[in-house]
Amino acid sequence: MGTMLDVTGLGHTYDGRQAHTAMSDLTFTVASGELTCIVGPSGCGKSTLLRCIARLVEPSRGQVHLHGDLVREVPEDLAVVFQDYSRSLFPWMSVRGNIEFPLRSRGLSKAERRERATETLGWVGLADAAAKYPWQLSGGMQQRVAIARALACRPALLLMDEPFASVDAQTRFDLEDLLLRVRKEQDTTVLLVTHDIDESVYLGDRVLVLSQAPAEIVADLPVELGDDRDQITTRESETFVHLRGEIARLLRDTPIPDSTSSQAAHRG
Amino acid sequence: MSTAGAAAPSTRLWKRFGRPAQQWGVLLACLLGWQLVTTPVQSVFFPTPLEIGARMWSNWFSGPASRMFLTEAVFTDILPSMSRLLLGWLIAAVVGVTAGLLLGRSGTAMAYCGALFSFARSIPPPALVPVFLVLFGIGFRMQVATIVFGVVWPVLLNSADGARAVDVTKTETARAFRIPRGQWIGSVVLPAALPKVFAGLRISLALALIMMVISELVGSTNGIGHAMQLAQFRFEYTQLWAGVVLLGVLGYALNAALTAVEKRVLRALPQ
Amino acid sequence: MRGSIRPLLGVAGFLAVCEIVGRSGSAPQGYLPPPSVVLVELARLLGERTFLLDVIATVLSWLIALAIAAAIAVPAGLLLGSVPFLRNAVGAVVEFLRPIPSVALIPLVVVIAGGGPGTKIFLAVYAAVWPLLFNTIYALGEIDDQLLDSARAFNISRPELLLRVTLPGVAPFVLTGLRLSASTALIVLISTEMLVPASGGIGHFIYLAGSGAGRMDQVLAGTLVAGLLGYAINAGMAGMQRRWVTWAPAGGTT
Chain A
1 MGTMLDVTGL GHTYDGRQAH TAMSDLTFTV ASGELTCIVG PSGCGKSTLL RCIARLVEPS
61 RGQVHLHGDL VREVPEDLAV VFQDYSRSLF PWMSVRGNIE FPLRSRGLSK AERRERATET
121 LGWVGLADAA AKYPWQLSGG MQQRVAIARA LACRPALLLM DEPFASVDAQ TRFDLEDLLL
181 RVRKEQDTTV LLVTHDIDES VYLGDRVLVL SQAPAEIVAD LPVELGDDRD QITTRESETF
241 VHLRGEIARL LRDTPIPDST SSQAAHRG
Chain B
1 MSTAGAAAPS TRLWKRFGRP AQQWGVLLAC LLGWQLVTTP VQSVFFPTPL EIGARMWSNW
61 FSGPASRMFL TEAVFTDILP SMSRLLLGWL IAAVVGVTAG LLLGRSGTAM AYCGALFSFA
121 RSIPPPALVP VFLVLFGIGF RMQVATIVFG VVWPVLLNSA DGARAVDVTK TETARAFRIP
181 RGQWIGSVVL PAALPKVFAG LRISLALALI MMVISELVGS TNGIGHAMQL AQFRFEYTQL
241 WAGVVLLGVL GYALNAALTA VEKRVLRALP Q
Chain C
1 MRGSIRPLLG VAGFLAVCEI VGRSGSAPQG YLPPPSVVLV ELARLLGERT FLLDVIATVL
61 SWLIALAIAA AIAVPAGLLL GSVPFLRNAV GAVVEFLRPI PSVALIPLVV VIAGGGPGTK
121 IFLAVYAAVW PLLFNTIYAL GEIDDQLLDS ARAFNISRPE LLLRVTLPGV APFVLTGLRL
181 SASTALIVLI STEMLVPASG GIGHFIYLAG SGAGRMDQVL AGTLVAGLLG YAINAGMAGM
241 QRRWVTWAPA GGTT
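Residue numbers (full-length UniProt numbering), protein chains in the order written: chain A, 1 to 268; chain B, 1 to 271; chain C, 1 to 254.
These aren't lab readings, by the way, just hints derived from the structure by calculation. These numbers come from a predicted model, not from an experiment. Incorrect hints may appear among the rest.
Over 10 angstroms on every C-beta distance to chain C, these chain A residues come out as not near it, computed from the model [as the list claims (entries may be wrong)]:
1) 28
2) 84
3) 96
4) 114
5) 135
6) 184
7) 223
8) 244
Just so you have them, the derived chain C footprint on chain A, three or more residues with Cβ under 8 angstroms [to be verified]:
9) 65-78
10) 101-107
Partial chain A-side listing against chain C, Cβ under 8 angstroms, derived [said to hold, decoys possible]:
11) 54
12) 56
13) 82
14) 87
15) 88
16) 90
17) 91
18) 92
19) 133
20) 153
Beta carbons are placed, not taken as given, at the ideal position from N, Cα and C, and that holds for glycine.
In isolation and in its complexed conformation, chain A is listed as follows (with noise of 0.2 angstroms):
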């Protein structure tokens, strides 16, 4: 397996009335065709680190390789799934139209991007709403075609933003099998971001922990649970919950650097 995502030294300091440092020097490897989670407290600069990876935010500091290219600008064979799917998806386009349009500027045809559309719409369930409008459909399905719309892209390396915090639980339970049987059968790398501990335990080959702001990784834990988990005996599993255990812990026991800055986090 070769190295997919290589952060080196990365750092943002957002400027303004208060400066806040989101992060100040973070270096991990992905590997390919792994699922990576990184958990931290909230407002620890979660966000930041992955819109410094998308290149949506140029960061002040450090550098990211995406397989071995210098990324520079956003890159084109990366994927972004965002937290509030009502806000990412777009309103005035069907669920077809909201997946094949970033295919276009990819240069696949109307019929290559239609038939794409389609088999991404079958990986989460979706065949029979392609003709429905986003505010047509139940939260947890906006989100579904939100990871279609980024599987769609064929993306080298996914990145997930908090990507179940605003569904209910019991679609979250759901979405998260689906993608993981949808990484498994795409062999997709990802990157998901999430300040739920139990989440990045079950998802992830790969916890990395983050502390408060600045973000600093505290530890690196693989996730010894095997490809085929379940969301009732996975989580009774003994690896699972002495996981668990051993990341809430971290997270409580990080010392926290600058308390007044740290509250003012800023978010996105």
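Following the hints, put chains B and C in place on chain A, whose structure we already have.
Chains B and C only, in chain A's frame:
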């Protein structure tokens, strides 16, 4: 959007001084350009800004010191116009807001009257000037009636819209505590509807200026519109331009005053 | 069923009150003709060629003015709204031009350009440009950042961003602006027609009926037609907005 890298104090300084300076600069540059274009052309239709300014000065601000340098024309043109405008707009505002809030809270009344009011709003108000003219004759009452009828509808319909938007939980809370209707309208419905009410008032103010001018162009013996009509008949183009600029300044000032009030009021009410 | 009957009852009640007031003699004879007289006169006028030509003249000028205003204001608004320097610089000029009541320009434009149809269209365009321009600029600031981020994350090209993201994003506000523009343009058109002799249109018809002949029934019939025009275009545009801009409630103030 603040530019990345700009430190906080300089951003604030830019907002406080830089931006207005830039805006006034552009405005002055436009005036200068106008002056430079019109000076060599020497068209009677397009006087230079300086000529217009001089005419405005001699028209309205060259009076005796005993009257604070205001000329006779201020009392025959501007004051009558402004008093009619403000009176008409205030009547429309009071009637429109009161009726709108009550109607907005009553589904039944709105069902009967909504279409009627929407239609009344769609009538271009100048069309009714002849009717008001025969009913009230040339003069103050006809002009105020024209303004009131012309501008009451946006206030009324916007207020009704705002009143309808009060959320159900608040309605039910008020009913559970048996809040009397008057108190409820004043302390819950009105604050919730205020943004919409102000939007209506703003549209109405602009319309009121239009209706004031129209009513004076059609039937008046004084006022800014009347003075402009005389100027038109006498081919005094500079005078016409002076009237247009004056109306623009008045419109700007009125709108700025309303915006200031709106900001004050909306800030005092945490939404 | 109930939903459509009650407004009709309201209108019927209003007409009945007008009928009583009109017949009671509280206003001098002929000053406030009752609806029965007005409606009969309206029916007669609708069969009359000259009246219909007046209506068509007004409607045509109106449509032309709105089309020109939209062609100017929407691209200008997109440009001004997306370039901060322009937005700030031109903002002041716009702020000073906008409050000038368009009807105040009538005497000026008439003495400069005469009383032809071009004059009233020019004035209507002037009046219609501002609401559209303002709503377009405002709308650009209201597009959700996350939506733009999503587009950027997928490497959407600039033209495509404008066509498929920005334009649909501002559409609800632009349509609201268009409705506002339409009613203002109609007011200015009718005013111009009333004030400028030989300019034709419903406004002129109303003016002649009122000042020359004192025919209040014709004045009210003409007013009714003007009101119906205004109502129709507003309802039509609201319908358009509901049908095509299904994703957003009307943007801005109506």
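Results of checking the hints against the structure:
Remark: the non-interface label on residue 28 of chain A is consistent with the geometry, its nearest Cβ contact in chain C lying 21 angstroms away (cut-off 10 angstroms). A Cβ of chain C approaches the Cβ of residue 84 of chain A within 10 angstroms, the least distance being about 6 angstroms, so the stated non-interface status is violated. Distance check on residue 96 of chain A: its Cβ is at least 14 angstroms (rounded) from any Cβ of chain C, clearing the 10 angstroms threshold; non-interface status holds. No beta-carbon of chain C comes within 10 angstroms of the beta-carbon of residue 114 of chain A; the shortest separation is about 17 angstroms.
Separation of residue 135 of chain A from chain C is inadequate, the least Cβ-Cβ distance of about 6 angstroms not exceeding the 10 angstroms criterion. Residue placement check: residue 184 of chain A keeps its beta carbon more than 10 angstroms from all beta carbons of chain C (closest about 24 angstroms). The non-interface label for residue 223 of chain A is consistent with chain C: the shortest C-beta to C-beta separation is roughly 27 angstroms, beyond 10 angstroms. The Cβ of residue 244 of chain A lies farther than 10 angstroms from every Cβ of chain C, with a closest approach of about 30 angstroms, so its non-interface assignment holds.
Taking a C-beta to C-beta cut-off of 8 angstroms, the region 65-78 of chain A contributes 4 residues in contact with chain C, enough for the three needed, and the coverage statement holds. Look at the region 101-107 of chain A against chain C: 5 of its residues bring a Cβ nearer than 8 angstroms to a Cβ of that chain, three or more, so the hint holds. Proximity of residue 54 of chain A to chain C holds as hinted, the smallest CB-CB distance being about 6 angstroms (cut-off 8 angstroms). With its C-beta approaching chain C no nearer than about 5 angstroms, residue 56 of chain A sits inside the 8 angstroms limit, and its interface hint holds.
A hinted interface residue such as residue 82 of chain A counts as satisfied when its beta carbon comes closer than 8 angstroms to some beta carbon of chain C; here the least separation is about 6 angstroms, so the hint holds. With a cut of 8 angstroms, the hint placing residue 87 of chain A at the interface with chain C holds, because the nearest CB-to-CB distance is about 4 angstroms. The closest approach between the C-beta of residue 88 of chain A and any C-beta of chain C is roughly 4 angstroms, which is under the 8 angstroms cut-off, so the hint is satisfied. Of the supplied interface hints, the one on residue 90 of chain A holds, with its beta-carbon coming within about 7 angstroms of a beta-carbon of chain C, less than 8 angstroms.
Because the smallest distance between the Cβ of residue 91 of chain A and any Cβ of chain C comes to about 3 angstroms, under 8 angstroms, the interface hint for this residue holds. With 8 angstroms as the threshold, the beta carbon of residue 92 of chain A comes within range of chain C, its nearest partner Cβ sitting at about 4 angstroms, so the hint holds. Proximity of residue 133 of chain A to chain C holds as hinted, the smallest CB-CB distance being about 7 angstroms (cut-off 8 angstroms). Contact between residue 153 of chain A and chain C, as hinted, is supported at the beta carbon level, the nearest pair being about 7 angstroms apart and thus within 8 angstroms.
This entry does not satisfy hints 2, 5, going by the numbered hints stated previously.
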